[in-house]
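Asks: As given, the protein sequences belong to chains A and B, one line each in that order. Mapping the first sequence onto the working numbering, position 19 (from 1) lands on 19, and the numbers just tick up by one. Mapping the second sequence onto the working numbering, position 95 (from 1) lands on 95, and the numbers just tick up by one.
Worth flagging that the hints you see were computed from the coordinates, not collected in a lab. Do not rely on the hints blindly, as some may be mistaken.
[Claimed, not checked] Taking CB as the label site, the calculated pair distances span:
1. 26(B) / 96(A): 43 to 51 Å
2. 131(B) / 23(A): 35 to 43 Å
3. 80(A) / 26(B): 16 to 24 Å
4. 178(B) / 41(A): 22 to 30 Å
5. 104(B) / 43(A): 28 to 36 Å
6. 228(A) / 214(B): 22 to 30 Å
7. 57(A) / 38(B): 39 to 47 Å
8. 53(A) / 23(B): 18 to 26 Å
9. 96(A) / 131(B): 39 to 47 Å
Only a predicted model underlies this, so the values are computations on that prediction, with no experimental measurement involved. We put the CB at the ideal spot given by N, CA and C, even for glycine.
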Amino acid sequence: MILPGMAGVVVNARVGDLVFPWAADHLEPGVSAGNAKRERHQALQFLACIGNDVVVRSGPAAGAVGCVTGKHAFVLVDYPRNALELLAPGDRLLVRAVGQGLRFPDHPDVAARSCSPRLLEQLGIGEGGEGRIRVEIAAEIPSYLMGAGLGMSSEWANCDVMFTRSEVVERLGFGNVRLGDVVAMHDQDHRFGRGFRHGYCAIGVVAHGGHGAIPGHGMGVATILSGPSERFELVRVEQANLRERLRLPD
Amino acid sequence: MAVHDINRAELLETVVVGAVTSPEMSSMNPYDVTADGAPFVPVGAGGVCYTVKVGMSALDWAADHVEPGASIANPSGPANEALSLYACVGNRVVVRTGDAAGAEGVVTGKHEAFHAYKHVLVHLDDDALDRLMPGDVLRVSACGRGMTVAGQPGIACHSIGPELWDAWAPAGEAGRLAIRVARILPPEVVGMGSGRVSAATSVALQREPAYGLTGLRIGDVVAIREWDASYYTGYHEDRVTIAVVATGDSPVLGDGPATTILLSGPADAFSLAVDEDANLANLLGLS
Numbered sequence: 001m002i003l004p005g006m007a008g009v010v011v012n013a014r015v016g017d018l019v020f021p022w023a024a025d026h027l028e029p030g031v032s033a034g035n036a037k038r039e040r041h042q043a044l045q046f047l048a049c050i051g052n053d054v055v056v057r058s059g060p061a062a063g064a065v066g067c068v069t070g071k072h073a074f075v076l077v078d079y080p081r082n083a084l085e086l087l088a089p090g091d092r093l094l095v096r097a098v099g100q101g102l103r104f105p106d107h108p109d110v111a112a113r114s115c116s117p118r119l120l121e122q123l124g125i126g127e128g129g130e131g132r133i134r135v136e137i138a139a140e141i142p143s144y145l146m147g148a149g150l151g152m153s154s155e156w157a158n159c160d161v162m163f164t165r166s167e168v169v170e171r172l173g174f175g176n177v178r179l180g181d182v183v184a185m186h187d188q189d190h191r192f193g194r195g196f197r198h199g200y201c202a203i204g205v206v207a208h209g210g211h212g213a214i215p216g217h218g219m220g221v222a223t224i225l226s227g228p229s230e231r232f233e234l235v236r237v238e239q240a241n242l243r244e245r246l247r248l249p250d
Numbered sequence: 001m002a003v004h005d006i007n008r009a010e011l012l013e014t015v016v017v018g019a020v021t022s023p024e025m026s027s028m029n030p031y032d033v034t035a036d037g038a039p040f041v042p043v044g045a046g047g048v049c050y051t052v053k054v055g056m057s058a059l060d061w062a063a064d065h066v067e068p069g070a071s072i073a074n075p076s077g078p079a080n081e082a083l084s085l086y087a088c089v090g091n092r093v094v095v096r097t098g099d100a101a102g103a104e105g106v107v108t109g110k111h112e113a114f115h116a117y118k119h120v121l122v123h124l125d126d127d128a129l130d131r132l133m134p135g136d137v138l139r140v141s142a143c144g145r146g147m148t149v150a151g152q153p154g155i156a157c158h159s160i161g162p163e164l165w166d167a168w169a170p171a172g173e174a175g176r177l178a179i180r181v182a183r184i185l186p187p188e189v190v191g192m193g194s195g196r197v198s199a200a201t202s203v204a205l206q207r208e209p210a211y212g213l214t215g216l217r218i219g220d221v222v223a224i225r226e227w228d229a230s231y232y233t234g235y236h237e238d239r240v241t242i243a244v245v246a247t248g249d250s251p252v253l254g255d256g257p258a259t260t261i262l263l264s265g266p267a268d269a270f271s272l273a274v275d276e277d278a279n280l281a282n283l284l285g286l287s
């Protein structure tokens, strides 16, 4: 089976849409941004943060302003539909990168990764009760589902949740997860790389879809925060999604 | 109990070659970062290791993925893919060039580093290791690819040579394959290595303070519950994967001892018995 989804421009699958009902593998919603020069590509990967503005600088969509919504092998950018209908591979994009270096002076054991100041503010991430950081999340993911992406840098790409098979999605009740959802990953330490650690928690956003055929892969979650579980006050809400929270235009 | 049948007569013995590797570093900055954010210099992968051998602890070395004995690869990319695919644990190896020419060894594992190298690991005795040099050519009598287990079509065989099969002696028992493993691990212990080609890769066991890899040895045959490696590696609630610990631990988060995949199949195709002696050093008489 040949399944599209990675790289280029996806016009009709957007942040805010359901993750699974697509004939796609590693579905990257909107625009996938890269740089042909490896060193510059790595800088783009490591310095771009979720919530950053991305301006189109060439082609018919020049001037359109998008937003970084995730990372995979590429940096993933949402644009308004009218811009997506004009964009094409090769168009120049300018990322106004800000966020690496962000830290919480009152929570030194919580790490921010690829998290822009705008994202923190608009997700409403702030002080909770008993000195904890309050985060609204749409879903919670158990550690045994974390797959490809473990062992890699916290800031690079994302970590796949192994929803390779639809039976697993249905059995565990993840059918309503949407691209751009904010999720908590339990027993995951994503501060200095990504791995399993009991009593730690990582917060991320659903960056790409994943209902492809390759075991060990699946829906990708890009890390934004990680620290000891007791530092977080997790609140389940249905609308914890970048589409609404960052007020991304249709 | 009799050793369970495999399609022994159908298996090819072919020759693949590799050269002893030399450690490689990629940049001016020598540091990797530990799980707690501390810099460290990775040492242990590539070349010849004199101190760490199959049968010794996989943990607590001042090292990152220490490869026991000799680490080999073929400098040609496609030929290295073939080496990585065809070499199976237990296969015989002969040194063909250099001061150690003629020395005989055994394949003990495979180790893949993401976007970096693929090594095949070879046990040789101390005398041969002392004479070995990076660049020396080793000839591997590759056999095992294509193996099937009689009456168990659901079991995929990967990097297991018939030499190891015989020494390990899986037995048929009430329609299941009865095998000995040093320990049985849950799926969340698998770190780096998900989503890769089962036949050539390694998957890491994550060492985690609250979780027990205590006592794990290089060469241990381990079972991983709810894990599928029929073709690619990944979570599957009804499968079990059997692998052998090929390298030492890693300080990197989400990484750890690399395991080489031997078998994978439906959970009800196996009958697992925990036996601390299920280690290559014992099974293959390595010293």
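Asks: Please go over all the hints and tell whether each is borne out by the structure.
Replies: We went through each hint and held it up to the structure:
| no. | hint | in the structure |
| --- | --- | --- |
| 1 | 26(B) / 96(A): 43 to 51 Å | 30 Å, violated |
| 2 | 131(B) / 23(A): 35 to 43 Å | 58 Å, violated |
| 3 | 80(A) / 26(B): 16 to 24 Å | 41 Å, violated |
| 4 | 178(B) / 41(A): 22 to 30 Å | 51 Å, violated |
| 5 | 104(B) / 43(A): 28 to 36 Å | 49 Å, violated |
| 6 | 228(A) / 214(B): 22 to 30 Å | 23 Å, holds |
| 7 | 57(A) / 38(B): 39 to 47 Å | 41 Å, holds |
| 8 | 53(A) / 23(B): 18 to 26 Å | 43 Å, violated |
| 9 | 96(A) / 131(B): 39 to 47 Å | 59 Å, violated |
Of the hints listed earlier, those the structure fails to meet are numbers 1, 2, 3, 4, 5, 8 and 9, in rising order.
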